[in-house]
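J.: Please build the complex by placing chain G on the supplied structure of chain A, with the hints as guidance.
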Amino acid sequence: MTTRKESILLVDDDPEVVWALGRYFTRAGFPVTTCGDGEEAIALLEAGDFDTVITDIQMPRLNGLALVDWLRANRAGTRVVVITAFGGPSIRHLSIKKGAILYLEKPVDPDLLAEALLSSKEETAFSGNIDKIDILDYLQLMMLIGRQVVLEVSSKDGGQGLIFIDKGKVRHAKCEDLEGEEALFKCLCFEGGSFVNLPWTEPDKITINKPGDFLLMEAARKRDEARAGPKRMLEGCPE
Amino acid sequence: MPHINYRDKEIAFKIVYYGPGLSGKTTNLKYIHTALDKGRKGEMIVLDTEQERTLFFDFFPLELGQIEGYAVRFNMYTVPGQVYYEASRRLILEGADGVVFVADSHEGRLDENLESFGMLQSSLADFGVDWKRFPLVLQYNKRDLPQPLPLGTMEIKLGLNGIPIFEAVATEGRGVMDTIRMASRQVIEKFQP
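Protein sequence lines, in the order shown, are assigned to chains A and G.
Position one of the first sequence corresponds to residue 1 (the working numbering), numbered consecutively onward.
Position one of the second sequence corresponds to residue 1 (the working numbering), numbered consecutively onward.
Extracted from the complex, chain G is given alone in its bound form:
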């Protein structure tokens, strides 16, 4: 659930970018951070986890304004993808209001995508969250690869029905903002049905 700061009249939602190592979570967040106006975003915090970096920043979305007089803030996180960063993933995922799952479209990485999604499901279950009712967006990243995974592969394997899907090339920014827009809309809708 979001953190409500009664003193400063602010609601902070947490959106986590989840996925296997090197699937493009960090690239997504870096693109969003660069695209945001200076006055609406916080400093990007970078953690040197092995292989890839773990990022965090917060921002005030222009289009969402206020809820019941409370300013809306989004805290954006990536999780480290490597299997052994379990405590880190758990800490970051704890209290998440929505998740963007960034899948790697490389055909050889399907198993890693599925394994990572399994870890996400199991962590959410540990927190008592029913992931089928949880704001979740699936992004197929690296669509510029010569033979990307066909769309639908993950959904069929995982039995995902009706989950919003986006194609992206995060290095070019393609699909990145559409993905975060959908994730933030889902998060707000769940809070304010």
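Just chain A, with the same shape it has in the complex:
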């Protein structure tokens, strides 16, 4: 059986990006259509279906985030990848919150992007967005279903970390200068933010070997103790 390649609409006002990514995906066998801003994209989307839209954010006439809004309202089944040269934690957060499956900052690695598109197109699987979920619950779900994924977690104030989950087991985590369990707990104690599943890549080392249940409960304990702070000191000692 031959599998149909994803049709891609590539939206960017930078001709160099359109040229480079367009050529890469065409050579890889994806049918690619390109245009230079959100309004042109909507006209193309109204005329025909696309599996995936890859869009820049800053563009004339209609920007990429407005295009993502239009897609969520009118083409809910189309997956969206946001790429930008002027990103940051808040733009990342907003893009994911609006429903992008992937957010990448330029220069974009086309191999990573292609891998993400291929891995998200299993025909029996569903795609969707989860809003207002505790990151602990999401990590628990990834463990329960035995996923192999790199979970990128971003906090509202700019913190960022990567959690490597190999067939449901957390193997490695990185967060700023930290790694291993310290990095994992730092990510899991962020006070809100966003996350995205990145395609699996082998971690450069294994730093975590503890069972998943322990890691989840330990993270919850750290949260509780951090939130309780000095209040705990006022509570009674054991009877």
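Worth flagging that the hints you see were computed from the coordinates, not collected in a lab.
Treat the numbers as computed from the prediction; the structure is a model and nothing was measured.
Take the hints with a grain of salt, since some may be wrong.
[Unchecked claim] Straight-line Cα separation of at most 27 Å, DSSO-like style, residue types lysine-lysine; simulated pairs:
id	chain 1	residue 1	chain 2	residue 2
1	A	Lys132	A	Lys222
2	A	Lys167	A	Lys210
3	G	Lys9	G	Lys190
4	G	Lys157	G	Lys132
5	G	Lys41	A	Lys167
6	A	Lys210	G	Lys41
7	G	Lys41	A	Lys169
8	G	Lys38	A	Lys169
9	G	Lys190	G	Lys132
10	A	Lys106	A	Lys156
11	A	Lys222	A	Lys156
12	G	Lys38	G	Lys9
13	G	Lys38	A	Lys210
14	A	Lys169	G	Lys9
15	A	Lys132	A	Lys169
16	A	Lys97	A	Lys186
17	G	Lys9	A	Lys167
18	A	Lys210	G	Lys9
T.: Coordinates of chain G only, in the frame set by chain A:
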């Protein structure tokens, strides 16, 4: 609801030991873990929460065997009793299939028992669970105290009707296995009426 692992053909039920700090939840679980055959239990995971330890382990019950070709597994948890471990309790209680409430029979701890039970009710309500239809067992622990709380005190105060009650001295293992047997039976019955 239980977690069903279709790939490995396994149904995992979650039983949570709930109750005020130092009421004997950990002692119950340690006793059960020690009493189980080596090949049927997982490693005990211990979390150093303040005052008392939070425990987790899983086991395959011999007497319950399989359901529709799926192996039955129980995941056993204690919650940390101290009030400020709210997120921990919530995480542990989430998706629980049954609860054993371990009450401290010390007469001076009635209010703590009632407060803890109130937190359990409110957490279950947050998860959309009607605790009156939920597999729940009440264990009066520390029955070896000179003047233990009279049986029925908690039920009258909380309006609990028809809930299974067990007396226990968890440090000696008395009543511990009867309690878990009843809790697991209730959990399975709810899943397979």
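J.: Hint by hint, say whether it matches the structure.
T.: Going down the list of hints, with the structure as the test:
no. : hint                 : result
1   : A:Lys132 to A:Lys222 : 21 Å, holds
2   : A:Lys167 to A:Lys210 : 14 Å, holds
3   : G:Lys9 to G:Lys190   : 20 Å, holds
4   : G:Lys157 to G:Lys132 : 15 Å, holds
5   : G:Lys41 to A:Lys167  : 22 Å, holds
6   : A:Lys210 to G:Lys41  : 17 Å, holds
7   : G:Lys41 to A:Lys169  : 20 Å, holds
8   : G:Lys38 to A:Lys169  : 24 Å, holds
9   : G:Lys190 to G:Lys132 : 13 Å, holds
10  : A:Lys106 to A:Lys156 : 21 Å, holds
11  : A:Lys222 to A:Lys156 : 19 Å, holds
12  : G:Lys38 to G:Lys9    : 22 Å, holds
13  : G:Lys38 to A:Lys210  : 21 Å, holds
14  : A:Lys169 to G:Lys9   : 19 Å, holds
15  : A:Lys132 to A:Lys169 : 24 Å, holds
16  : A:Lys97 to A:Lys186  : 22 Å, holds
17  : G:Lys9 to A:Lys167   : 17 Å, holds
18  : A:Lys210 to G:Lys9   : 24 Å, holds
When each numbered hint is compared with the structure, no violation occurs for any of them.
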